[in-house]
Each structure stands twice: as structure tokens, then as C-alpha cells.
Amino acid sequence: MARASTRPTRGRPDGAVRTLVTFFVMVAALAAVLGGAVWKSTAQWTPKLGLDLEGGTQLVLKPRLVGDQTVTSQQVAQARDIIAERVDSQGVSGAEVTTQGADNIVVSMAGDPTRQQEDSLRRSSALQFRPVLTVAAGTPAPTPTSTSTGSSTSTGTSTSTSASSTDKSTSSASGGATSSAAPSGTPTSATDQAWVTPGLTTQFDALDCSKDGVLDTIVDDPAKPLVTCSTDKTAKYILGPVAVGGADITDAQAGYRLAQNGQPTNVVEIQLSLDSKATKTYGDLSIEMLNLPSPRNQLASVLDSSVIIAPQFNEPITNGQASITGGFTFQEAQELAKQLKFGSLPISFDLQTRTQISPTLGEEQLRLGILAGLVGLVLVVLYSLFQYRALGLVTVASIVIAALLTYLTIAILGWAQNYRLDMAGVTGLIVAIGVTADSFIVYFERIRDEVRDGRTLRTAVDSGWKRAKRTIVVADGVNFLGALVLYLLASSSVRGFAFTLGLTTLIDILVVFVFTHPVVSLLARRKFFADGHKWSGLDPERLGAKVRYAGRGRISAPHRAAAEGGQA
Numbered sequence: 001m002a003r004a005s006t007r008p009t010r011g012r013p014d015g016a017v018r019t020l021v022t023f024f025v026m027v028a029a030l031a032a033v034l035g036g037a038v039w040k041s042t043a044q045w046t047p048k049l050g051l052d053l054e055g056g057t058q059l060v061l062k063p064r065l066v067g068d069q070t071v072t073s074q075q076v077a078q079a080r081d082i083i084a085e086r087v088d089s090q091g092v093s094g095a096e097v098t099t100q101g102a103d104n105i106v107v108s109m110a111g112d113p114t115r116q117q118e119d120s121l122r123r124s125s126a127l128q129f130r131p132v133l134t135v136a137a138g139t140p141a142p143t144p145t146s147t148s149t150g151s152s153t154s155t156g157t158s159t160s161t162s163a164s165s166t167d168k169s170t171s172s173a174s175g176g177a178t179s180s181a182a183p184s185g186t187p188t189s190a191t192d193q194a195w196v197t198p199g200l201t202t203q204f205d206a207l208d209c210s211k212d213g214v215l216d217t218i219v220d221d222p223a224k225p226l227v228t229c230s231t232d233k234t235a236k237y238i239l240g241p242v243a244v245g246g247a248d249i250t251d252a253q254a255g256y257r258l259a260q261n262g263q264p265t266n267v268v269e270i271q272l273s274l275d276s277k278a279t280k281t282y283g284d285l286s287i288e289m290l291n292l293p294s295p296r297n298q299l300a301s302v303l304d305s306s307v308i309i310a311p312q313f314n315e316p317i318t319n320g321q322a323s324i325t326g327g328f329t330f331q332e333a334q335e336l337a338k339q340l341k342f343g344s345l346p347i348s349f350d351l352q353t354r355t356q357i358s359p360t361l362g363e364e365q366l367r368l369g370i371l372a373g374l375v376g377l378v379l380v381v382l383y384s385l386f387q388y389r390a391l392g393l394v395t396v397a398s399i400v401i402a403a404l405l406t407y408l409t410i411a412i413l414g415w416a417q418n419y420r421l422d423m424a425g426v427t428g429l430i431v432a433i434g435v436t437a438d439s440f441i442v443y444f445e446r447i448r449d450e451v452r453d454g455r456t457l458r459t460a461v462d463s464g465w466k467r468a469k470r471t472i473v474v475a476d477g478v479n480f481l482g483a484l485v486l487y488l489l490a491s492s493s494v495r496g497f498a499f500t501l502g503l504t505t506l507i508d509i510l511v512v513f514v515f516t517h518p519v520v521s522l523l524a525r526r527k528f529f530a531d532g533h534k535w536s537g538l539d540p541e542r543l544g545a546k547v548r549y550a551g552r553g554r555i556s557a558p559h560r561a562a563a564e565g566g567q568a
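183 is the number that UniProt numbering gives to position 183 of the sequence shown; each next residue is one higher, with no gaps.
Incorrect hints may have been included.
Once the Cα atoms are required to be at most 30 Å apart in a straight line, the calculated BS3-like pairs of lysine-lysine come out as [to be verified]:
{"#": "1", "residue 1": "Lys277", "residue 2": "Lys211"}
{"#": "2", "residue 1": "Lys40", "residue 2": "Lys338"}
{"#": "3", "residue 1": "Lys224", "residue 2": "Lys62"}
Cβ-Cβ distance ranges computed for the label pairs, FRET-style [stated by the list, open to error]:
{"#": "4", "residue 1": "Met26", "residue 2": "Asp449", "range": "27 to 33 Å"}
{"#": "5", "residue 1": "Asp88", "residue 2": "Asp449", "range": "44 to 50 Å"}
{"#": "6", "residue 1": "Asn266", "residue 2": "Asp208", "range": "31 to 37 Å"}
{"#": "7", "residue 1": "Thr459", "residue 2": "Trp39", "range": "45 to 51 Å"}
{"#": "8", "residue 1": "Leu371", "residue 2": "Lys40", "range": "31 to 37 Å"}
{"#": "9", "residue 1": "Arg18", "residue 2": "Ala490", "range": "20 to 26 Å"}
{"#": "10", "residue 1": "Val485", "residue 2": "Thr99", "range": "40 to 46 Å"}
{"#": "11", "residue 1": "Thr250", "residue 2": "Gly482", "range": "54 to 60 Å"}
{"#": "12", "residue 1": "Val219", "residue 2": "Leu506", "range": "48 to 54 Å"}
{"#": "13", "residue 1": "Ala490", "residue 2": "Ala77", "range": "30 to 36 Å"}
Keep in mind the hints are simulated off the structure, nothing from the lab.
Beta carbons are placed, not taken as given, at the ideal position from N, Cα and C, and that holds for glycine.
Model the full structure from these sequences, guided by the hints.
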């Protein structure tokens, strides 16, 4: 009796093959990225481990107080929360930020942080916009005089995203102070020269920006004028009170400035978005300063009490979008943008001690965790082979591919984002084995249901996939949402679990759609599976199919086929 043709339907295997080739190219690309980073000695083949598994560094930060300045418990608590956000923004997993005593903050983080990372944690990063009242060269003039023809430069711009004006800065720091006539009376605005009192002028004339630590003694009061230096120490300023502060910044993004033709330039800038109240203040200030003489038409961007940039206004900026430049590298701009975005510390901190700490769990716990994962994996493999016979090999291959993708992703995240795998994350990976196996079981059982209904395997694969994929997407979607909520609301010790669970859920969907389903589609066209061999896991008789399609419009019952020697 003739059998149903097992030749593939035209075009279908080609699509499955193309999907598989694309998938393996993607996996190879991930491996190449990691391999290239390892070759350049900027990454490692193994994932980075967290504080509880590898140990790390403990930083004790002490508030920097000047004169009779004090610190409150509320300020310390606020600083702790901001530092914790900054640590998280660096991708450091499992870091701990706590208070010690009345005013110290203890940061325990995995690995050995760089000097730049330390600075980003302890600096206040308080960005302020202050009007320029007086400017001069960074070192005192040899012979003090009351008048001068020199002026000062601060390069950079302050522009709106829709501004069409030409970037323009004012003068160079090569002479004495530049200001208007001697002030008198009570100041009426942040730009009023009445802020420049004789005592402030004496302090300004004596300031030598070339000396180390000269800014450490400055008390930065937002409601009062400020005598300070530029970050490159080439200029010094008398600035008016803060017009717009860091708390008014709603977002900060680093990028490359766009030219008028829309093409990116090589100038790195930080784009700032202001809240509604600050937008109006900034807009009114830009209109006022347009009509002021130099240097009072300059608005200084002040970070941690030093001037980054002090450009003049060329047009009003009323949309609440500003930008700052200052010779940053792109990485420096990214770090600063993160600090500005997550808020400024109410106080600055000095590094009191820096010590190496041992892991709280260590290699033994990691070994036991990996052993538990292997045991779970072996049990899943044994169940798949027992329940699905040869079809279970697809489950094994899919789990291996998913594990490889997860490993490469975590290792690359460790290199690119400093992500570290802690014990909670290892637990998430172990749980993911069951989540991944569940997707395959749903798919295979749908196929077997179709076979029980008498369909050929190729038809059963197509029909079963249409029914199974919706269930898989819904189930994985619920898992991912649960992991996302847990990550957003849980403490840092649980976030590692939520992150790896969410990551493996996404990888599970990817593997099922672009590896498992195409492989099964190709196997369904092989005689061993299409004819329902007893070891294929798709034997109609073993599955209890009532009828079976025999080709040319004929059907046969499984028990009749068995009585005839298995021929349909």
C-alpha cells in the first residue's frame, strides 16, 4: 500500500534553513564581539562576579564641611539614595550603600573601581546656571588696578535644540577683571551688579586659580554670589546667585552636537531638559541677558562650584532645552549626564578609607549553585528523552543553545556595562531551565494533539505551532512582566534574580521562534519522524490516534495497521 509522500513542501524548508542560518550568524556575531574584546584585553571570557561571590572594594565617604557648615541626617539619607542610584547606573550588580555613624556613607561594590568611578560617586555634581558679573584671568594681576581692557573667554554654547544662531563665545582670559561701573543699592535680580560688593572684589582679586585645592574652601550658597574659577583654571569669575539649579533638570543625555545640516559633529555635548517652572525662568533670563553688555550677557554653567562654560546668549531660549559643552570626551559626558539625571548630592564627600573586602558567600556557594543547576538540567534532559524519545533531542539542543546565548550575553554585559553576576542572578538562571523546558513541552504537546487527531506530521507541526506560539508568548510575557516589576520594586539583593529571569525569558522566546520551530519543521520532513517511528516520539499508535491519513484520500486505524504488519 502506498505511503504518503515525505518530500518537503516546496519553499518551506528553505525558509526554515534561512531562519536557522540567520540565527547562527547572530550567535557567531556575539561570540566575535566578545572574542574581539578579549583579544584587546578589555574583557574576559567568563562573566564578572558580584560582591557576594568575588569580593570587592569598600569605600567610606566623609562629608566635606567648610567653616561652621553642618550636615543633617536628612542630607545623609538623601545622599545615600543618590549614590545608590549612581552605582546602579554604572551597571554594578549587588552593590551595597549604607550609612555609618551620623554622617559617613559606606559603599561596598564588586571589583576595583577606577578613580573616575570613585569621583562620580562622591562628587555632588550640582549643576547651576549663574549669571556672570565679573571675569578675569585665573591668576592675580601683578599690579592691581581698578580698570582694565582685558577680557575672558569661556568656550562653549548654551543653545536650544531648535536654535539657529551661530555659536559664539566671548574673549580670552588674558587681562584683569571685566565689569561695569561700581554698583550701589540692593540687588534686584541675579544679573544685578549690586551683588559685587567691595569685600567680594577683594576676595576676587586675591583668588589664584593656579593653586591646588583653591576651590575646597569655597562655600557655595545658591542664594548668594560666588567667586570661583573655571575648570581649566585659566579664568576666575564673580557670579550672581543661582538662576536655575540642578533640581530643575528633568533629563540629561550625552551625545554629539548636530550641525545645521543635521549631521553629527565631533563636539560632545550634554543636552538638558528643564521642568516647566525652570523653562520660564531660563527663557526670561535669556531675554534679559541679550540686552546686557559683556560679560554680563554670559550665563555660566557651574559644576561642583567651578565654571565649565560661560557662553553668551545669541537668542532667547524659551523651550526648556539647553546644552553644555566643555571639552568632554564622550565617556566623560555620559558619566556626567548620569550624575545630573539622578540628582545632585546635597553635600560633597571626601574618600576617608578604601579597603578590599572578601566575598560574603564565595566560591563554595557558587559551586553548589552551579551543581544545582546541572542537576536540574540533567533531570530535564532525562524527562525529555523519556517522554519524547528522539524528539527530546530537540529540547536538549534548544537548552544548550539558550545556555550559550545567555552565557555570551552576560559576559558581554560584564564587559560593556560592568554587569556582575551575583548569587541571586545564578538562582534566576537555575529557575530559567524550567521556564525554557516548559515552552518546548507546550509546543511538542500541541504537535502530538494534532497527530492524535489523525493529521500527518507536517500538517501537525504547522497547526500545532499556530496554537502553541500564542500560549508560549503569553506565558513568557507574564514571566517577563513579573521579573520587570520585581526588578523595579525590589532591593538590590533581589534585582540580580529578576534581571537574569527576565533576560532568559527573552532568550527563551528567541530560541523557540528561530531555532526550535525551524528544526522541528525540518525534522518533520524526514522519513524517521514523518512515518511515526516508534522511537521518534510521534508514533500515532502510541499516542492513541483514532485514525491516520494514509494518502490518496484513504485513512486507516492504528490497530488495523498493526494487524497488517504495520503497513498503512
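| query | Checked against the structure, which of the hints given earlier come out wrong? | reply | When the structure is compared with the hints, numbers 1, 9, 10, 11, 13 turn out to be violated.
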